[in-house]
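S.K.: Sequence:
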Amino acid sequence: MNLQCFENMLGSYPETVNFLTALATPSIAFIALIFAAFQWHTNRNRLRHELFDARYRQYDAVKKFLGSLGASGKMTPESEVEFLRETKGIWFTFSEKIAKYVDDKVWALAVQLNLYNEEMKDPQRIEDGVAKQRGDLMKEIIKELRNSEDMFSKYLQLKH
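Using our numbering, the letters of the sequence shown map in sequence onto residues 15 to 174.
Keep in mind that a hint or two might mislead.
What the hints assert, rightly or not - The list that follows gives simulated cross-link-like pairs (lysine-lysine, DSBU-like), each with its CA atoms no further than 30 angstroms apart:
no. : residue 1 : residue 2
1   : K114      : K157
2   : K157      : K102
3   : K78       : K102
4   : K153      : K78
5   : K157      : K168
6   : K173      : K88
7   : K77       : K119
8   : K78       : K111
9   : K157      : K119
10  : K135      : K157
11  : K77       : K88
12  : K168      : K146
13  : K78       : K146
14  : K88       : K78
15  : K146      : K77
16  : K111      : K88
17  : K135      : K119
18  : K111      : K168
As the list claims (entries may be wrong) - The following label-pair restraints were derived from C-beta to C-beta distances:
no. : residue 1 : residue 2 : range
19  : Q147      : F52       : 57 to 63 angstroms
20  : P137      : K77       : 16 to 22 angstroms
21  : Q147      : K114      : 20 to 26 angstroms
22  : D67       : K157      : 34 to 40 angstroms
23  : Q138      : R160      : 41 to 47 angstroms
Worth flagging that the hints you see were computed from the coordinates, not collected in a lab.
Each residue gets a CB set at the ideal place from its N, CA and C atoms; glycine is no exception.
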């Protein structure tokens, strides 16, 4: 089929040509809309994944910190710095409840443990029962190591 034959055929159906011409713009717009919807969906899933990664890093830092407290019985300067650095911004990635839990419970346990460790150096404080108090605190730290999974589990799920 040559070009002149094609032009003759199109010329004999002007209504069809006008109809197809009129459909071209909305069809292109519809296809662009479909691509935009796919991009939006992909970006939404990417953001969820990035939020999950940030949350998991912070959760892992809390678990490691509690684990190191339970294993060594003290808060080392290295574990303190790592914990504070890794949980920075927890107010933004988790709920206020989790942020308060990390500040008021986990951090408070670590500080209290270091205070008991210092008091254990005084023989008079040992006689006053600080060793038992420290032992009870160590039990609470181990309990919080298990409890932290329940606290964080709601936020550590990828839902697509």
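S.K.: Now tell me if each hint is right for this structure.
M.R.: Comparing the hints with the structure gives:
1. With a C-alpha separation of about 18 angstroms, the suggested pair K114 and K157 falls inside the 30 angstroms cut-off, and the hint holds.
2. At most 30 angstroms may separate the alpha-carbon atoms for a hinted pair to count; K157 and K102 meet this at roughly 24 angstroms.
3. A hinted pair counts as satisfied when its Cα atoms are at most 30 angstroms apart, and K78 with K102 qualifies at roughly 15 angstroms.
4. The suggested pairing of K153 with K78 holds, with an alpha-carbon distance near 16 angstroms, which does not exceed 30 angstroms.
5. Restraint check for K157 and K168: satisfied, since their Cα atoms lie roughly 19 angstroms apart, inside the 30 angstroms limit.
6. A threshold of 30 angstroms between alpha carbons decides the hint, and for K173 with K88 the separation of about 38 angstroms lies outside it, so the pair is violated.
7. Our distance criterion of 30 angstroms between C-alpha atoms is met by K77 and K119, whose separation comes to about 13 angstroms.
8. With a CA separation close to 20 angstroms, the supplied pair K78 and K111 stays within the 30 angstroms bound.
9. This hinted pair checks out: K157 and K119 have alpha carbons roughly 12 angstroms apart, not beyond 30 angstroms.
10. Among the hinted pairs, K135 with K157 is consistent with the structure: their alpha-carbon atoms are about 26 angstroms apart, no more than 30 angstroms.
11. Of the supplied pair hints, the one linking K77 and K88 holds, its CA atoms being roughly 15 angstroms apart against a limit of 30 angstroms.
12. With a C-alpha separation of about 35 angstroms, the suggested pair K168 and K146 falls outside the 30 angstroms cut-off, and the hint is violated.
13. Pair hint K78 plus K146 holds up; C-alpha atoms about 25 angstroms apart against a cutoff of 30 angstroms.
14. Between K88 and K78, the direct Cα distance comes to roughly 13 angstroms. Compliance with the 30 angstroms bound is thereby established for this hinted pair.
15. A threshold of 30 angstroms between alpha carbons decides the hint, and for K146 with K77 the separation of about 25 angstroms falls inside it, so the pair holds.
16. Simply put, K111 and K88 have alpha-carbon atoms about 26 angstroms apart, close enough for the 30 angstroms limit, and the pair holds.
17. With a CA separation close to 25 angstroms, the supplied pair K135 and K119 stays within the 30 angstroms bound.
18. Taking the CA atoms of K111 and K168, the gap is near 12 angstroms; set against the 30 angstroms cutoff, the hint holds.
19. For Q147 and F52, the hinted distance range of 57 to 63 angstroms is satisfied, since their beta carbons lie about 60 angstroms from each other.
20. As the Cβ distance of P137 to K77 is approximately 35 angstroms, the hint placing it in 16 to 22 angstroms is violated.
21. For Q147 paired with K114, a C-beta distance near 24 angstroms keeps the hint of 20 to 26 angstroms intact.
22. Roughly 28 angstroms separates the CB atoms of D67 and K157, a value that falls outside the hinted 34 to 40 angstroms.
23. A hinted range of 41 to 47 angstroms is violated for the C-beta pair Q138 and R160, which are about 34 angstroms apart.
Hints 6, 12, 20, 22, 23 from the list above are not met by this structure, while the remaining hints are.
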